[in-house]
Amino acid sequence: MDIDLIFKIAAVGIIVSILNQVLSRSGRDEQATMTTLAGLVVVLMMLAQRIADLFALVKTLFQF
Amino acid sequence: MSSFFQVAGGVLLSVILGLTLSKYGKDFSVVLILLVSCMVLAVMAAYLEPIIDFVGELLRLSELQNELLTPVLKATAIGIVAEIASLICTDSGNAALGKSIQLLAVAVILWLALPLLRSLLELMQRMLGNI
Chain A
1 MDIDLIFKIA AVGIIVSILN QVLSRSGRDE QATMTTLAGL VVVLMMLAQR IADLFALVKT
61 LFQF
Chain B
1001 MSSFFQVAGG VLLSVILGLT LSKYGKDFSV VLILLVSCMV LAVMAAYLEP IIDFVGELLR
1061 LSELQNELLT PVLKATAIGI VAEIASLICT DSGNAALGKS IQLLAVAVIL WLALPLLRSL
1121 LELMQRMLGN I
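Line by line, the protein sequences give chains A and B. The numbers in my numbering rise by one with no breaks, and the one at position 34 of the first sequence is 34. The numbers in my numbering rise by one with no breaks, and the one at position 20 of the second sequence is 1020.
So here's chain B without its partners, still in its complex pose:
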């Protein structure tokens, strides 16, 4: 919990440093923001690990297949990375690139969810076939 306050302090400090650097050259400012984003995501991953373990435990208790959880986890990861990458692109003045990353993430997530959608379709066909 105390690492949250440390990270918040570090982020605020790097915002000030980024503003100072952007007066001289925007390149270094973008690199600094990118680095700090990577660090914050790494700290966030440490907190997410027990949560993901807990979700896996819930899946075992409910006796569902592990194949159901994997696409959801992958979609979450892609969503987080795409959102951060998109915001960094937008902040550095490349909104088109940011939007294209978001569109790519949507396409990849839909591709990942295809097996789930197929199994849902099969379930619906079985249910409607029984009527």
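Bound-form chain A, shown alone:
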């Protein structure tokens, strides 16, 4: 179990939420939204590979 990836995603989430708060308070709501979206895309790209690996593993294991 790759614990590092869990911490990485948690760190990205916390950083994005801090940036979101700072940008929102300074009146840059559009940039805050874009930052949140960018962070979410980065995290989803990390996740997509893992999901693909898992499905490949399940397909191999259960003889699909």
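Source of the hints: derived by calculation from the structure; they are not laboratory data. Accuracy of the hints is not assured; some may be wrong.
[What the hints assert, rightly or not] No farther apart than 30 Å at their CA atoms in a straight line, the calculated lysine-lysine pairs in the DSSO-like style are these:
#1 B:Lys1074 with A:Lys59
#2 B:Lys1026 with B:Lys1074
#3 A:Lys59 with A:Lys8
#4 B:Lys1099 with A:Lys59
#5 A:Lys8 with B:Lys1074
#6 B:Lys1023 with B:Lys1099
#7 A:Lys8 with B:Lys1023
#8 B:Lys1074 with B:Lys1099
Here the structure is a predicted model, which is why all the values come from computation and not from measurement.
Here the structure of chain A is known, so what remains is to put chain B in place on it, guided by the hints.
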């Protein structure tokens, strides 16, 4: 066996991280839970491999066709994946999506079991024909 305790610790840790993240934004919390579920399933697959090999060995000993085992294994895989996906959808507040995944899984499993049902029907017809 020791990996079970490691995984249990990792899951508990990620629950706390998920709760912390959900205060700031629920998106990252859902992604984290999804990732941890994938990891736990990957660990589970490593333990399931010898069990599936053993089932195959039992099938060889009983001299049954391999076509009988394949739909059962596929149905098991679909059931596991559908259950996890459904629970993640429900946890993230999309119970309708979770239920639809479960219904899809039921339909696919029934479709997979069609050859078995057909062979059962043929067997019953042969048995009743002999009476």
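Inset, instruction - Below or equal to 30 Å on CA atoms is what counts here, so check B:Lys1074 against A:Lys59. - result: The given pair, whose Cα atoms are some 8 Å apart, holds under the 30 Å limit.
Legend entry - Proposed proximity, B:Lys1023 with A:Lys8 (alpha carbon, max 30 Å): With a Cα-Cα distance of about 18 Å, the restraint between A:Lys8 and B:Lys1023 holds, given a limit of 30 Å.
Legend entry - Satisfaction of hint between B:Lys1099 and B:Lys1023, Cα-Cα up to 30 Å: Holds, because 26 Å separates the two Cα atoms, which is no more than 30 Å.
Legend entry - 30 Å Cα cutoff - pair A:Lys59, A:Lys8: Distance of about 28 Å is within 30 Å: holds.
Inset, instruction - Sort out whether A:Lys59 lies within 30 Å of B:Lys1099, counting only the CA atoms. - result: 23 Å, holds
Legend entry - Holds or violated: A:Lys8 to B:Lys1074, with C-alpha atoms at most 30 Å apart: Measuring from Cα to Cα gives roughly 34 Å; hence the hint is violated.
Inset, instruction - Assess, step by step, whether the Cα of B:Lys1074 is no farther than 30 Å from the Cα of B:Lys1099, and give holds or violated. - result: Holds, because 20 Å separates the two Cα atoms, which is no more than 30 Å.
Inset, instruction - Assess, step by step, whether the Cα of B:Lys1026 is no farther than 30 Å from the Cα of B:Lys1074, and give holds or violated. - result: 33 Å, violated
The structure does not agree with the numbered hints 2 and 5 stated previously, though it agrees with the rest.
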